[in-house]
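Participant: As a plain string of letters, each chain reads:
Number of protein chains: 2
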Amino acid sequence: MASGFLPFLAPRAVAVIGASNEPTKRGYRALQTLAKDGFAGDIYPINPRAAEIQGLRAYPDLASVPGPIDLALVCTAARTVPEIIEQCGRKGVAGAIVLALGFGESGAEGRELEARTLEAARRGNVRVIGPNTSGIFNAHCALNLVGFADLRKGGIGIVSQSGNVALALATEGALAGHAGFSTYIGVGNESDLRFHDYLAHLGADAHTTAIAMYVEGFKEPLRFLETAAEVAWRKPVVLCKGGRTTTGQQAARSHTGSLAGDYAVAKACLRSAGVVVVERSDALLPVVECLSLLREMRSRRVAILADGGGHATIAADALGALGLQLPELAPATRERLAAVLTPQAVIANPVDVANSADSAPGVIAECADIILADPAIDALLVVGMFGGYALRFSETLAAAEATAGTRFAALLGEHGKPIVMHSIFAPRKPEALEHARAGGIPLHGSIEMAALALSALAEYSEWRRRPRRVPAAPRTPPERAQRIFETARAESRRALLEPEALDLLDAYGIATPPHALVRNEAETLAAVERFGAVPLALKIVSPDILHKTEVGGVRLGVRGATEVEAARVALRAAVRQKVPRVDIRGVLATPMAGRGVELIVGVTRDRQFGPVMMFGLGGTLVESLREVAFHRLPLDREEALELVASLRTQEVLDGTRGLPVVDRVRLAALIAGVSDLCLAHPEIAELDLNPVVAGADALAILDARIVLVG
Amino acid sequence: MASGFLPFLAPRAVAVIGASNEPTKRGYRALQTLAKDGFAGDIYPINPRAAEIQGLRAYPDLASVPGPIDLALVCTAARTVPEIIEQCGRKGVAGAIVLALGFGESGAEGRELEARTLEAARRGNVRVIGPNTSGIFNAHCALNLVGFADLRKGGIGIVSQSGNVALALATEGALAGHAGFSTYIGVGNESDLRFHDYLAHLGADAHTTAIAMYVEGFKEPLRFLETAAEVAWRKPVVLCKGGRTTTGQQAARSHTGSLAGDYAVAKACLRSAGVVVVERSDALLPVVECLSLLREMRSRRVAILADGGGHATIAADALGALGLQLPELAPATRERLAAVLTPQAVIANPVDVANSADSAPGVIAECADIILADPAIDALLVVGMFGGYALRFSETLAAAEATAGTRFAALLGEHGKPIVMHSIFAPRKPEALEHARAGGIPLHGSIEMAALALSALAEYSEWRRRPRRVPAAPRTPPERAQRIFETARAESRRALLEPEALDLLDAYGIATPPHALVRNEAETLAAVERFGAVPLALKIVSPDILHKTEVGGVRLGVRGATEVEAARVALRAAVRQKVPRVDIRGVLATPMAGRGVELIVGVTRDRQFGPVMMFGLGGTLVESLREVAFHRLPLDREEALELVASLRTQEVLDGTRGLPVVDRVRLAALIAGVSDLCLAHPEIAELDLNPVVAGADALAILDARIVLVG
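Protein chains in written order, with this note's numbering: chain A, 249 to 958; chain B, 249 to 958.
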C-alpha cells in the first residue's frame, strides 16, 4: 500500500493520542471515522484515564502499546506536544500529525514550543505534519484523520495551507460526482515537513494522478520550484495562490504569517516550473479534474460544438479571451456535417446544430466524431444541453441520448484528442452524461469553467512539450567587472554610478550607447568633437542622487560645444542648489536616441523567488501600466525570447503606429546577457535599464541603474 | 393579473396554432405543459385535421373559436406564418409568438417572409414575439410556452436572445433552490417587439423584482439605453453581453446576425444607464439573485467574517480585486468580538473565528451582529462552513446552527445592511442555510461569485445615488465654426486641417496651444519672433496627409529663425518626395510642450451607441495599451470628472514618478467642451486630441485630428 516518499501516510498502525469518548472532540471523531470507514490497520487509542474507548482497548501511553506504530494523530493541547513527540521518537513512530493551535502562529511562547517540538522530532527521527494542521486523509487506505464526510476515492491529491479549501474541494467533488481523491495533507505551520516534501510524496504516489494545492506562502520557495518542475513532468500540479492582492496579502499575514512577494512574479515562477496557476479558488477543482482526465492537447486549436447559438457565442468569447484558437473547419468536414444536420444549423466554428438534435440527440455525438477527424482541430468543447434532450423534449429520447453519451466516451480514445463538455443539465446527472463522464470526459455546468479547464490543458501540454533546460553555471566575473564593484564598495556606495553601470554591461558584452563623462570644458569639447553635431543628453553623475530628473539633473537635446558647455555648467549649478553638499563626479553626455519603442529590462529580487527578470513597456509609467512579464533567473536566449513573447501587448513590438519592428533576437541577447551579469554578481540587488529604446536596427539603453545589496 | 405594457403576456385565453397529438412536436408539448401546470385561462388548440387534441376541443382555424383570444402560440412552419398573422389580426389576437426558424436569419427568402409577417401584424394590430424565438413563460399565471421543466415561481424576469441561456438560468435556479422567475421572453429576430419593449414591460410588471438579460446585439440600442435608465431606477437590470471578443463576435454574427460594436463601449454605455453588466454567463444568476434580494449598499466598505483563514484570504483577494474596501473595525467592535471568540481567533478585517464556532455555531451569527453594528462597515460577507457545523463536527450542533440561520435573517432587518453568504455546504441545503436563505440572504457556493455579487450591489447602489441628469440641448454652432465646415465641404475634404481643428476647438472655448501657420520665410520670422527662443514643433499641413510622421512631416525641437526656416524648407521637400503631387497648405509651428502626462481625448461613433467619448493614456501606444475609458455623449463636467475617475491607472493622474499632478477640473472642462462641440456638429465622424499633455498648470493639445462623416 505504501508508495511515495512518506510511507507513514499509508500506515499499518495508527495511534490516536488524546483519544476520547466525548463526541465533539477530535480524539473521538478520528476513532469513529476510522472504524466507520473500515481502516484495515491497527488502531491504538491513547488515553491515561480510560481502559477502553469506542470499543477499542486504550493504552495509557505509547510505550504501553504492544505492536509497532507508523503514524500518530496528536489531538492534545499545544503545551503537551514536545513531550509526546519525545515519546513518539522512543516508540519508533515515523510520523506525527499535530493538530493543536498555539504554536509559531501565536506569538513568542508558541514559537518556543514549536522549536522544542521540532528538536524532539529531530532527536527521535519523527517527521511532523503541522502543527496547526487540519489533518490528513489517505482515501486509498480508508485513513480519514481530518473527518471530511463522504470522501470519494480517486486520483486527486490535495496539499493545502487551509483546511477549509480542502474541505470545499472534497465536498464539491463528492457532490459533483466526478472527482475522487487520493491523499490530503494540511500543511499547517510547516514546522518540519513542507510543501515541497508533500509534493514530492504525491508525485511518487501511485494513487495520485493530479495534484491540487492552495498556498499562501512558501517557506522554501526555490526547493518547491525544483520539486514542482520534476513532479509536473509526471502529473499535473494545479495551484491557487492566496494573497494576490494587497488586501489578500494582509489577510494571509494574519492567517499563516506568510509574507507574500509580488503575485505576478510568483505566478511566472510557478508557471515556468510547470505548475498550472488558477486565479480563482472555485476553478481549482474543475481544472485539476480536467487535467487528471486528459493529458495531451497538441495545439490551441479548438472546435466548439453547440446546441444553441447563445452558448456558441459565449463559448467562443470564453475561449477567445483565454487565447485559444477557433480555426475554420476543412471543406470535407463541413460537407460531412451538412449531411447530418438540418438546414437551420450553422456549419462553421462554432458549429451550432440548431434544431438538428431535438428529436435525435445522437446527432451531437455524430458531429463530434466528424469534427474530431478534422486535422485542423486538436480539441473539442461541447456546449449546450446534451444530457437534457429527454428531460427537455421527450422521455422517448432517453435511450438514444444514453447511447450517445457512451459514444462520446469512445470518441476520446478513437481520436486521441481532448473533449470537454458543458451541459446545462450537468448537476442533474442524467444517464447520458454519466456515461460520458465515466468514459473520462470532464463535465462542467459553466461554459467559462469548461473553457478555463481547456486552456489549462493547453498550457500544461505546451509546458510538457518544451525541451528541459539545464541552466549553465554562473560566469566567472571578468576582472574589469570586479573592479567596478570594489570601487563602489570602497566608497560604501549603495549604487553604481551610471558610467560604471554602462561599463559593467559592456564587460558582459552588452552593447551600450556611446557616452562620455565630462568634468570640465576641455572634456565637453572632446565629447562634442567625438559625437558630432547631433543633439546630446546630459545627466548628472553623483553617488548622492538616484532620481536625476527630480533634482534638475538632466538636459535633453542640447547641441554644439557652446550650448553643451553652458548646459553642463547650468546643470551642475541647478543640482547643487537643490542638494547643497552634493558630490558631483561629472556629467554624462550621450547622443539622443532615435525614435523607437520604450522598453524596460530589469532584475529585482523577489522576497520569495530571488532574482527575477522583468521585461515590458518602459518609460516613466512602467509602475502604473504594469505591462510587464517576469521570468526567474537564469534565462538563456530561448527563454528570453519566450519572455518577450509572453508580454500581453505584442503588437507594440511588431511595428504598430509606424513604430519600428523590434528585433527580438537582439532583445533576447540583451536579456540573457543581463541574466548572466546578475547571476555572476549576487551583490546586485536591483538592475533597471529603462528605457531601452528599440529602434529599427538598434537597442539604445538610455538609462542604467544598478543598486547594490545593502 | 395583467400588468406591464404587454398585457397579452398574462393572457386569459391562448390559442396553440399547430396543436398536435404527436409527443415530440411543440404543438403537443405546449398543450401538455399548460394542462399540467394548471393554466387557468381558456386553451384553444387549432388544427384543421383534428376535432379533439389531448382531450381539448380543437378548432380548424382561429375564426371558428367562439371566445376572444389574447395570445397565439404559432408552432407551424415559416411559410405559413404571414397568413396566420393575418388571421390573428382578423380575430383580434393581441400577441403572437412565432417559433419557426427560416426568417430573416436565413437569407433573402426568409427576409421577405419576415417582412410580410410584419406587414400582416401591423395591419391587424398584432404584436409579434419572434420569429425564431424559443418561446415565453409567465410563471405567475402558469403559462409555460417554452417547455422548461421545474419552473420555480418568483421575481426574476428574463429577456434573452438565446433560449439556452434562459434554460440554463431556469434549470440552475430550480436546482440551487434560491431564485424564482416571473416572466421569460425569448426575443428571437425582434421583428416587431424588441429588447426595449420587453424591458419596459418587465419594468412595469408587478411580479418582476429584477431582470436578467442575455444580449448579442441591439436593433435599437439608444431606445434600449433610454428604457434601461428608467427601469433601473425601479429594479435592477443585469445583463450579459455575447460577442465580447473577436471570436465571440464572429459567432454572434452567425447566431443572430448582430454586428456588435466595441465591447468596452457597450459596457460603458450600459453601465451609465444603470445596467449591471456581468462578464461571465455563469455570473448572471448569482448577481441578479443577489440584487433581487438586497437593494441598497451605502458604501464599498465591507467586513469579512470567516471560519478558516484560507477562505478569509481568498475572500479578501476577491473583494480587493473588485475594488471593495476592508476598513479596520472600531476598537469597540474588536473588544466585543474578543469577548465571544477564542484566543485563536483573528480579530481584524477579515475576522477569522478559528475554532470558536466548532462546538457553538451560534457564535458566527453573534459575530455578524457585532460587526454589522460597526459604523465603519456597510456590508458583510460571511465565508466558510456555516451551515455545515453539524455535518462536519457533530449532529448535536444542528439545532443551534438552525437557530443561528434564523438569527442571520433577522440581522438583515435589524441593521439594514446587506449580508451575503458563502458556504461550502450551500449545495447540500442544510436547515441553517435554508433559514438564512428564506430570510433573504443570498447564498453562494463560490467565494468569487459571492464577492462579485456584492460588488454588483455596490455598483448598482452607487448608480442609484447619482443625481439624475437631464442633458442640455446641443449648442447652436457659432458662425466661425460653421464656416470651417463649409470650407472643408467646399473642398470635398474628409478631414479638417490641423489649424482648422484648433480654430474649431477655440470657437468652443477650448484652450489650444499658441500656433502659427507658416507658408514662407516672412511668416517663419514672424512666428519665431512671436514665440521667442523656445524650441518649436513643425508639422506639415496638407489635406492629403493624415499620418504626418509616416511621411516625414514632423520636426521637433527646432529653434531660432535660421534653424526653423531651414527645417520648414526641408520638411516640405521631404514630404513632397514621399507624396509627389501633395497639396501643401503650409507648416504649423507651435512651441514644444513641457513635461507632462500624455493623455488622449477622443470621440468616435460606435456602430451601436453613436458618439462616444474616449479618455485615457495617449501617445503612440494608445491602441495597444487600451488604457482608456468610455462615456456616451453628451457629458457635462460632472460626468467628465467621473469618466476621468473611471480610468484604471489613476496614479498616472496623481503625480507618479515625478510627473505633474493632472488638473482634473481643467481636464473635465476640456472633455465637456469636446462633447458640446461634437454634439453641435454631427458631421464630425471622429475627433482625436492625442496627445494632450497635462502639465502642472496647463493642458497642451499637441495634435488635433477631426475626420468628417464620409
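Any given hint could turn out to be false.
Derived pair list, reagent style SDA-like, types lysine to any residue, alpha-carbon separation capped at 25 Å [said to hold, decoys possible]:
{"no.": "1", "chain 1": "B", "residue 1": "K515", "chain 2": "A", "residue 2": "T897"}
{"no.": "2", "chain 1": "B", "residue 1": "K273", "chain 2": "A", "residue 2": "R874"}
{"no.": "3", "chain 1": "B", "residue 1": "K401", "chain 2": "A", "residue 2": "Q592"}
{"no.": "4", "chain 1": "A", "residue 1": "K677", "chain 2": "B", "residue 2": "R400"}
{"no.": "5", "chain 1": "A", "residue 1": "K796", "chain 2": "B", "residue 2": "A946"}
{"no.": "6", "chain 1": "B", "residue 1": "K515", "chain 2": "A", "residue 2": "R874"}
{"no.": "7", "chain 1": "A", "residue 1": "K796", "chain 2": "B", "residue 2": "T494"}
{"no.": "8", "chain 1": "A", "residue 1": "K677", "chain 2": "B", "residue 2": "L423"}
Simulated from the structure, these hints should not be mistaken for laboratory data.
Participant: All hints, please: hold or fail.
Facilitator: Results of checking the hints against the structure:
| no. | hint | result |
| --- | --- | --- |
| 1 | B:K515 with A:T897 | 22 Å, holds |
| 2 | B:K273 with A:R874 | 57 Å, violated |
| 3 | B:K401 with A:Q592 | 33 Å, violated |
| 4 | A:K677 with B:R400 | 20 Å, holds |
| 5 | A:K796 with B:A946 | 24 Å, holds |
| 6 | B:K515 with A:R874 | 24 Å, holds |
| 7 | A:K796 with B:T494 | 44 Å, violated |
| 8 | A:K677 with B:L423 | 12 Å, holds |
Of the numbered hints given earlier, the model fails hints 2, 3 and 7; all others are met.
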